[in-house]
Amino acid sequence: MNAPAKPREKTRFDTIGKPRRRVDGRAKAIGQTRFADDLVLPRMLHAKLLRSPHPHAIVESIDVSRAQAQRGVHLVLTGAEFPVPYGIMPVSQDEHPLARERVRYVGDPVAAVIAVDEQMATEALQLIDVKYRKLPTVASPEEGLAKPEPRIHDYGERGNIHRNQSYEFGDVEEALARSDHVFEDLFFYEGNTHLPMEQQASLASVEGDGKLLLQSSTQNPHYLHRQLARVLQVPAAHVRVIATPNGGGFGGKCDPGNHEFVVAKAALMLGRPVKICLTREEVFYQHRGRHPVLMKVRTGVSNDGRLTAMHLQTLLDGGAYGSHGPASTFYTGVLTPVTYELPRFKFEACRVFTNKPACGPKRGHGTPQPRFGQEVQLDKIAERLKLDPAEMRLRMVTQPDSLTASWLHVGSTGLAECIRKVVEMSGWKERRGKLGAGRGLGLACSTYMCGAGVSIYWNKMPHSAVQILLDRSGQVTVYCGATEIGQGSDDVLAGLVAESLGIDPGWVRCVTGDTGITPIDLGSYSSRVTIMMGNAALQAAGRLRDTLAAAAAEALDTLPDRVIFSQDRVFAAQDAGKTMSFIEAIALAEAKFGTLAAVGSYAPPKPPGRYKGAGVGPSPAYSFSACVVETEVDEHTGWVTVPKIWIAHDIGRALNPVLARGQVIGGVYMGLGEALMEEQAFRRLPPKLSSALVHRNPSMLDYKSLTSLDMPEVEVALIEYPDPNCPYGAKEVGQGPLLPVMPALANAIHDAVGVRIDEIPITPDKVLRALEKKEKGEAPRVGPESFPSVPYPAPTFVLPPWEGGDGNELKGQEGRKAA
Amino acid sequence: MSAVPDRVHATLRVNGEDQQVSFAPYKTLLEVLREDLNLTGTKHGCELGECGACAVLVDGEPLLSCLELAVQCEGRDIQTIEGLAKGTELHPLQAAFADHGGSQCGYCTSGMVMTAKALLDKEPAPSRERIREALAGNLCRCTGYQQIWESVESAAKALREGKR
Chain U
1 MNAPAKPREK
11 TRFDTIGKPR
21 RRVDGRAKAI
31 GQTRFADDLV
41 LPRMLHAKLL
51 RSPHPHAIVE
61 SIDVSRAQAQ
71 RGVHLVLTGA
81 EFPVPYGIMP
91 VSQDEHPLAR
101 ERVRYVGDPV
111 AAVIAVDEQM
121 ATEALQLIDV
131 KYRKLPTVAS
141 PEEGLAKPEP
151 RIHDYGERGN
161 IHRNQSYEFG
171 DVEEALARSD
181 HVFEDLFFYE
191 GNTHLPMEQQ
201 ASLASVEGDG
211 KLLLQSSTQN
221 PHYLHRQLAR
231 VLQVPAAHVR
241 VIATPNGGGF
251 GGKCDPGNHE
261 FVVAKAALML
271 GRPVKICLTR
281 EEVFYQHRGR
291 HPVLMKVRTG
301 VSNDGRLTAM
311 HLQTLLDGGA
321 YGSHGPASTF
331 YTGVLTPVTY
341 ELPRFKFEAC
351 RVFTNKPACG
361 PKRGHGTPQP
371 RFGQEVQLDK
381 IAERLKLDPA
391 EMRLRMVTQP
401 DSLTASWLHV
411 GSTGLAECIR
421 KVVEMSGWKE
431 RRGKLGAGRG
441 LGLACSTYMC
451 GAGVSIYWNK
461 MPHSAVQILL
471 DRSGQVTVYC
481 GATEIGQGSD
491 DVLAGLVAES
501 LGIDPGWVRC
511 VTGDTGITPI
521 DLGSYSSRVT
531 IMMGNAALQA
541 AGRLRDTLAA
551 AAAEALDTLP
561 DRVIFSQDRV
571 FAAQDAGKTM
581 SFIEAIALAE
591 AKFGTLAAVG
601 SYAPPKPPGR
611 YKGAGVGPSP
621 AYSFSACVVE
631 TEVDEHTGWV
641 TVPKIWIAHD
651 IGRALNPVLA
661 RGQVIGGVYM
671 GLGEALMEEQ
681 AFRRLPPKLS
691 SALVHRNPSM
701 LDYKSLTSLD
711 MPEVEVALIE
721 YPDPNCPYGA
731 KEVGQGPLLP
741 VMPALANAIH
751 DAVGVRIDEI
761 PITPDKVLRA
771 LEKKEKGEAP
781 RVGPESFPSV
791 PYPAPTFVLP
801 PWEGGDGNEL
811 KGQEGRKAA
Chain W
1 MSAVPDRVHA
11 TLRVNGEDQQ
21 VSFAPYKTLL
31 EVLREDLNLT
41 GTKHGCELGE
51 CGACAVLVDG
61 EPLLSCLELA
71 VQCEGRDIQT
81 IEGLAKGTEL
91 HPLQAAFADH
101 GGSQCGYCTS
111 GMVMTAKALL
121 DKEPAPSRER
131 IREALAGNLC
141 RCTGYQQIWE
151 SVESAAKALR
161 EGKR
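Residue numbers (the numbering used here), protein chains in the order written: chain U, 1 to 819; chain W, 1 to 164.
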């Protein structure tokens, strides 16, 4: 276990915490940033994919001869060229770059044409003759449970169940039985997609040394690198992946994509560069977005509003492939106990394959759905117990340096402060219930990981590594595999190194996301980059600072630990008159020690839980957020307007407040879009039109997202309690602030018009339906009415820390009785 | 088949310079800018006129270059993001987007900046509401728009104070 690099004397900062232009801001503002589709190479060809029109079918034959003979066509590829399957997770290697025997969703790629230009490639696609034999389809998890045959995949738990799991931390039924109240609610969260502004694009080429280079809009060049080597059956050392700056990712560019293997293979076969850029419609099919999740939440509560136990059941619609599914399934539950003290917790989750584009990780990965359910249920509990929803939450927030029933270690927490802050900013106490007809306020909270505690593939190596080179001309070049997806990771890297060395960030050149040059970082996912890359960067910078200090101390007539680095200079602590420039210090050190370079690396601490499955959920730190949403509901149309949102986010420390605030507002925006309108929904065509399961809205016009006119003003408070596990105390901000928005909106609608919409998105038709029910004297609620019988397995039973557990599973009935 | 030429030759006035260019007649202004003139600062997000990423100014008006045939732009004044800075000095809108978080991933930025420029050219002191309205056709998935509004307001102030 690596201890995080500790800054020696830094209590006052030159760079950290000060608003400044991000290091890549200029290039972006002048249109000079080169995204993947902006890249052009001599003799470059273009690829297009032929996609299945059927949601489920056997591919009986593919005749490419007519396409192959077409003018301008250089190559036609089919699944025959790709015998090796892939998948981001070792346990779900279930995809082929081009379908071999079977297609599983409308849009599944079956062939590819590589031609002189996109137009010719597109025309030639129409000359490929594919004979399909249609199979029955699965449209939903309920259907998948009811119809185990035909199986969409020949692996998984059984039938069409991909993953099925159950965990119980303390005897939940016993605790529910002795609770003053038990609340049982059903919730549904519809799927939605990332919709990055940049469509996925990739350019493959063979470099002068004969090795493959793939420049691609990927969030995870390291995982892609491994998968390319595996699928193309070439040594990983002969493959180089450069993650181009992503035009937005949000999780959608985490999985390796079919198109990336196709252009890589084609470039190797043709010896020419091959580029592809997905159309917007294709991006909807690539998907890997938010899983639709049906939830059942049973929660025991005492009369004073404290939680006694929770039994959470989730059912995930996985779509056609595994993707990150095994992790997604865990994430629909594992972070639930992190916000509030919960003595006992049972969590059952099941992911079912369906004939739709694969779901995967989207900002918040698996956690927005159960958080929505839990936070809306808490609002109902507060209402029934006549408690203020904010006060009730404040009384039960998890404590710093505590364990959850599931053995997650909560380190620093500013959740209470977040709640107090949004209560204050929104005028919660004064305004709630007094806004007049149709207007309301709602509150909700959440938490998120600062990086997943374990890698996607099992290994004991660092999760992030940074190398820094210094030279006598004053250049500070920082190498790291981390990927700039718009979140500002290059700026974080430059800012941390600059602070540590006491120089302006403008001195630092970042070289990132290049598996051929940069030390490995696992990628831009799970809000891990600031923490893991940052700790690695501070370790590397600290080592260089020690070297510089040793050289400078002599000249400054002081001791190395009395040397201070600040404002592009090096000082003796006791005498600011003894000083030299940073460049002079480098020259002295280079003369004394030789060429100056250092590496740093980071691996997260070992989690306390020891049961099988305890690896999902632990993190070096957790961020916390609280949010208040104001709504106006038009009772005639069901239209929901949001005039304002207040959010407080416990960020540990804001490294660059401009970026931190931007991440918070951007998260709120995406959450509000999910809450009000975004849905990746499907329908079955009538039998005369093939019965196919088709995407309802695969375009930016029909897939509704908030425009500049729809977006309310967001007031942001950054709560800064530096976390000792994090670089200068900085926790994540990329995902957490999205999470409380959806339940806060639902709670605000209830406050406004007294109806419960237990389903996301909350569209006007649902609000109207609930208002009509209210009018008729029925339960004023719209949401799922039943939860199917899911064959969850017997739970892995673990005693919570406070019941004498040691973090291991208690096997069998004996263990349980002993409990 | 009617006689459609394989390529047309045109003179396009881009960022104040006449460019001789030959291209297939079906190509959009977006495609000609990016593929034939190597002006890749103009982006595409849908190529269906839905997202605003490809907005450029034609005769001072914002226009979705993915919906306009390049042949229709002959003799018109085309401005792209590349033409906005004076040498190495950023246009106040560009500086403001870089300084105030108006640009995160940067992919919508060119279209946003050009659309905002058209607004500020006509209305030097637009209200927040006017800015929101003017940018309503430009989607951004990163920022939640607020820091974009703030960037435009800051640039408008700088321009009014004669910082350009």
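Among the hints, erroneous ones may be present.
Computed footprint of chain U on chain W, listed as stretches where at least three residues anywhere in the stretch have a Cβ under 8 Å from a Cβ of chain U [unchecked claim]:
{"id": "1", "segment": "43–50"}
{"id": "2", "segment": "77–89"}
{"id": "3", "segment": "118–125"}
{"id": "4", "segment": "128–139"}
{"id": "5", "segment": "146–160"}
Computed cross-link-like contacts, DSS-like style, restricted to lysine-lysine with a CA-CA straight-line distance of at most 30 Å [as the list claims (entries may be wrong)]:
{"id": "6", "chain 1": "U", "residue 1": "K296", "chain 2": "U", "residue 2": "K612"}
{"id": "7", "chain 1": "U", "residue 1": "K592", "chain 2": "U", "residue 2": "K578"}
{"id": "8", "chain 1": "U", "residue 1": "K460", "chain 2": "U", "residue 2": "K380"}
{"id": "9", "chain 1": "W", "residue 1": "K122", "chain 2": "W", "residue 2": "K86"}
{"id": "10", "chain 1": "U", "residue 1": "K18", "chain 2": "W", "residue 2": "K27"}
{"id": "11", "chain 1": "U", "residue 1": "K134", "chain 2": "U", "residue 2": "K773"}
{"id": "12", "chain 1": "U", "residue 1": "K704", "chain 2": "W", "residue 2": "K27"}
{"id": "13", "chain 1": "U", "residue 1": "K773", "chain 2": "U", "residue 2": "K380"}
{"id": "14", "chain 1": "U", "residue 1": "K296", "chain 2": "U", "residue 2": "K688"}
{"id": "15", "chain 1": "U", "residue 1": "K18", "chain 2": "W", "residue 2": "K163"}
{"id": "16", "chain 1": "W", "residue 1": "K86", "chain 2": "U", "residue 2": "K18"}
{"id": "17", "chain 1": "U", "residue 1": "K774", "chain 2": "U", "residue 2": "K704"}
{"id": "18", "chain 1": "U", "residue 1": "K18", "chain 2": "U", "residue 2": "K380"}
{"id": "19", "chain 1": "U", "residue 1": "K434", "chain 2": "U", "residue 2": "K774"}
{"id": "20", "chain 1": "W", "residue 1": "K157", "chain 2": "U", "residue 2": "K644"}
Short, incomplete list of chain W residues facing chain U, as computed with Cβ under 8 Å [said to hold, decoys possible]:
{"id": "21", "residue": "D18"}
{"id": "22", "residue": "A53"}
{"id": "23", "residue": "Q94"}
{"id": "24", "residue": "A98"}
It should be emphasised that the hints constitute simulated quantities derived from the structure, not laboratory data.
The structure presented is a predicted model; accordingly, all values stated were derived computationally and were not measured.
The C-beta atom is built at its ideal place from N, Cα and C for all residues, glycine as well.
Would the pair U/K18 and W/K27 pass a check requiring their Cα atoms to be no farther apart than 30 Å? violated (46 Å)
Hinted pair, alpha-carbon criterion (30 Å max): U/K434, U/K774. Please report holds or violated. holds (21 Å)
Taking a Cβ-to-Cβ distance below 8 Å as contact, does the segment 146–160 of chain W have at least three residues touching chain U? holds (count 4)
Hint check: 8 Å Cβ-Cβ cutoff, W/A53 to chain U: holds (6 Å)
Given coverage of the segment 43–50 of chain W by chain U, tested with a Cβ cutoff of 8 Å and a minimum of 3 residues: With 7 residues close enough to chain U, the hint holds.
Given pair status - U/K18, W/K86, alpha carbons within 30 Å: Judged against 30 Å, a Cα distance of about 28 Å means the pair holds.
Would the pair U/K460 and U/K380 pass a check requiring their Cα atoms to be no farther apart than 30 Å? Given pair U/K460, U/K380 is violated - Cα atoms ~45 Å apart, limit 30 Å.
Compare the distance between the alpha carbons of U/K134 and U/K773 with 30 Å, and conclude whether the hinted pair is satisfied. Status violated; Cα separation ~42 Å.
Keeping to a limit of 30 Å between CA atoms, is the pair of U/K296 and U/K612 held or broken? holds (24 Å)
U/K774 and U/K704 were given as a pair; does the straight-line alpha-carbon distance stay at or below 30 Å? holds (28 Å)
Do the alpha carbons of U/K592 and U/K578 lie within 30 Å of each other, as the hint requires? holds (20 Å)
Check whether the Cα positions of U/K296 and U/K688 lie no farther apart than 30 Å. violated (37 Å)
When held up to the earlier numbered hints, the structure conflicts with 3, 8, 10, 11, 14, 18 and 21 and fits the remainder.
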